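Asks: Just need the whole structure built from these sequences, with the hints factored in.
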Amino acid sequence: MSFFSALIVAVLFSVGVYLLLQRTLSRIILGLALMAHSANLLLMVVGGRAGKAPILGAFGPEDSVADPLPQALALTAIVISFGVISFLLAIAYRSWVLTQDDEVEDDVEDARIAQLGEAEMRRWWSRPK
Amino acid sequence: MSVLLVLPIVLPLLAAALAIIAYNHRTLQRIVAVGALIAVVADSVFLLLAVERDGVQSVQMGGWPAPLGITLVVDMFSALMLVISMVTVLSVLIYAIGQPGVDQDQPVFHPVYLVMTAGVALSFTTGDLFNLFVAYEITLAASYVLITLGGRREQIRSGMTYIIINLLASTLFVVGIAWVYAATGTVNMADLAVKIAQLPSGTQTALSMFLLVVFGIKAAIFPLFFWLPDSYPTARMPVTAVFAGLLTKVGVYSIIRTQTLLFPQHRPSTILLVCAGLTMVIGVLGAIAQNDMKRILSFHIVSQIGYMILGLGLFSVAGVAGTVFFIFHQIPVKTALFLATGLVEQSTGSTALSKVGGMIRRTPLVAALFLLAALSLAGIPPLSGFVGKLGIIQAGLSAGEYAIIGVSLVVSLLTLFSMIKIWNGVFLGTAEDPTLRLAASEGETRLATPLLMRGATVALVGVTLAIALFAGTLFDLSERAAQGLLDPSAYIEKVLG
Amino acid sequence: MTQRRSVILDLCVQAEFHTLLLLSLYLLFAGHNQPGGGFAGGLVASCAFGLRYVAGGSSALSRSISIPATTFLGVGMLFAILTGCVSLLTGHEFLESAIFSADLMVLGTVKTSSVLFFDIGVYLVVLGMSLLLLQQLGGADGTDPDEVQP
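Chains as they are written, first to last, in numbering that gives the first Met the number 0: chain A, 0 to 128; chain B, 0 to 496; chain C, 0 to 149.
Careful: at least some of the hints might be erroneous.
Stated by the list, open to error - Covered, in the sense of this in silico footprint (three residues per stretch, anywhere, with C-beta under 8 Å from a C-beta of chain A), are these stretches of chain B:
#: 1; stretch: 134 to 144
#: 2; stretch: 155 to 169
#: 3; stretch: 179 to 187
#: 4; stretch: 354 to 365
Said to hold, decoys possible - Below, in silico cross-link-like pairs of lysine to any residue (SDA-like), each with a Cα-Cα straight-line distance of 25 Å or less:
#: 5; chain 1: B; residue 1: Lys194; chain 2: A; residue 2: Ile7
#: 6; chain 1: B; residue 1: Lys493; chain 2: B; residue 2: Arg52
#: 7; chain 1: B; residue 1: Lys493; chain 2: B; residue 2: Leu47
#: 8; chain 1: A; residue 1: Lys51; chain 2: A; residue 2: Leu68
#: 9; chain 1: A; residue 1: Lys51; chain 2: B; residue 2: Leu47
#: 10; chain 1: A; residue 1: Lys51; chain 2: B; residue 2: Arg360
To be clear, the hints were calculated from the coordinates, so they are not data collected in a lab. The model shown is predicted, which means the values in this text are computed figures rather than measured ones. Yeah, the Cβ is synthetic: ideal placement off N, Cα and C, and Gly gets one too.
Replies: See below:
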């Protein structure tokens, strides 16, 4: 694993995490896309050195052949993340149509329950001793 | 024999293709979907019988030999999961056909539902770590569509959380696979079982914990459960029901599979037991705080996951057998509870405890169905939940893990408490919402739920009763599954030849 | 489309459209031993329809193709899965591939494999998916069928 490609993986991942922690939907999606790229790149990096095309019967035993499996895995992962992220974009668009806003909303019911809990606490502390 | 292993994946996909072609012919879609799922249920029963008779079954996709090609393996554990999940998927499909406005307005419902079924079946049968990732993605991609089906504002909001969390977990899964591949040079699980054992113990622990986090997000164990009670309740009821019953259990299945096959241990694992305890407690406390049937039940999903992890964490045949049986009982029970909730929602238009009331007089059938499933969930003898919990608790006592067993008993009591809370709020008492009272006085027209919805719920509750009735046989099978999990030599030998 | 269409773009797209489709078919058939394949071919075909959309909007798109996109999707899936099943029916493992060669006299010997049929399935799925995307997300001038009131 070369140092440089490992560094790229790390940088992409950390930028992705930073964007994921934002509250704006478009940044979250960009962050996820970067993290997906970084994971795919990691798959390529762990595959070892580049080499000849690994075609059955096209090379002798002494040739250094690239490991085909990580490439296949990365290709699959790329297609999957491409599909899911485009679906996420479609949903984000829908969310924008519905709310005219790009922020991730809070769970209404959850907030309500939290309020109930707080009110309960206040009553408990202010009870006559 | 290889046909039996392939069919649970191929048939739903074929049916999905046909259902897409028949985009605007709802009747045709329904026939294709129900037909395919009935065939898959039959196939999985045959598969269980075959595994029971001949042991582990495996097939190599494309005829490529084991560490190279993709392997499908079915052992006793997979076969049990496959049978019960396919039965559940079929009943929910019938329920969804019965419920007005689920598949009628949504031409994509049937294809997507079938694709999800194929994904679930593939996750249970695959013997390849990367193929497991693909299976997850098939299931999840379909579930993304299902959870946002209809596109209401609330659904989009919660669906977004669900998609983002799951996409993050999938990305971590790819990273995990990359690390596993870097360390061992293979992704075939049987091959991994051999090669991971030769790695230094530090590397083993790192890989094991990383995969535990990945599957922990999917299975919603503490502290990675927070997305579940937020996102599940907003979907349409059949969708919530099938997610509640199945999807987290696929995560638990993967945890059990990887922790036993790839990273075997021979004594109780402290980290799993602690996670299990916290999952149980936080889940049930969360449930107690809620005031809506769907949300209470969603928190209970989390709580019950704790029991499954507890049985696994003991790493004894008795404990894992208890877990296998417990999952086998949980899938239909949890789904049945949500389906019964759906019947309440269908007849009253709400699931809030404050709005609904007095259902026992109006729909005694729904009340009876809910009561049976709820008591089974709480683990009241002689229902199926009792057998599963008893198995896990006995295993815990014999392993000397008294603290966690104490916790699990308290959680069981709290589960009963929150089931009683639903019972008192929804089925006893009177409705506080004036519009609902009006509906009640209008007579039975509004309250009558479609026959198919009731029929599917009755069938699923019947399945849970059957589990209690045949608990002896099923527990024997679970024990054999547990033996196969804790001593995977037969599995490895079958795959690697 | 209310906006005026660009004549240059329109003519270029008209000239390119069929060439692109032909190229996509070439990639599809060349894919077994050379760069290409069902996915790449499908993407090129999608580009052809994408250009139609860019030049003339969704009305031009719907004029250039009359079969519903979902049919492409379904038929593609059917093709891919049935290819796997054929090997199952002939007593081999699921998805096992076979190689055929035929002597077509004037055209010389043609060699192909059952993977080609799987690739055709992938091609159709990719094409169907992209068409669906263009139709659903690219609905022109406010006629988005998904449009809902907040």
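Asks: Hint by hint, where does the structure go against what was stated? Just the numbers, ascending.
Replies: Of the numbered hints, 4, 5, 9, 10 do not hold.
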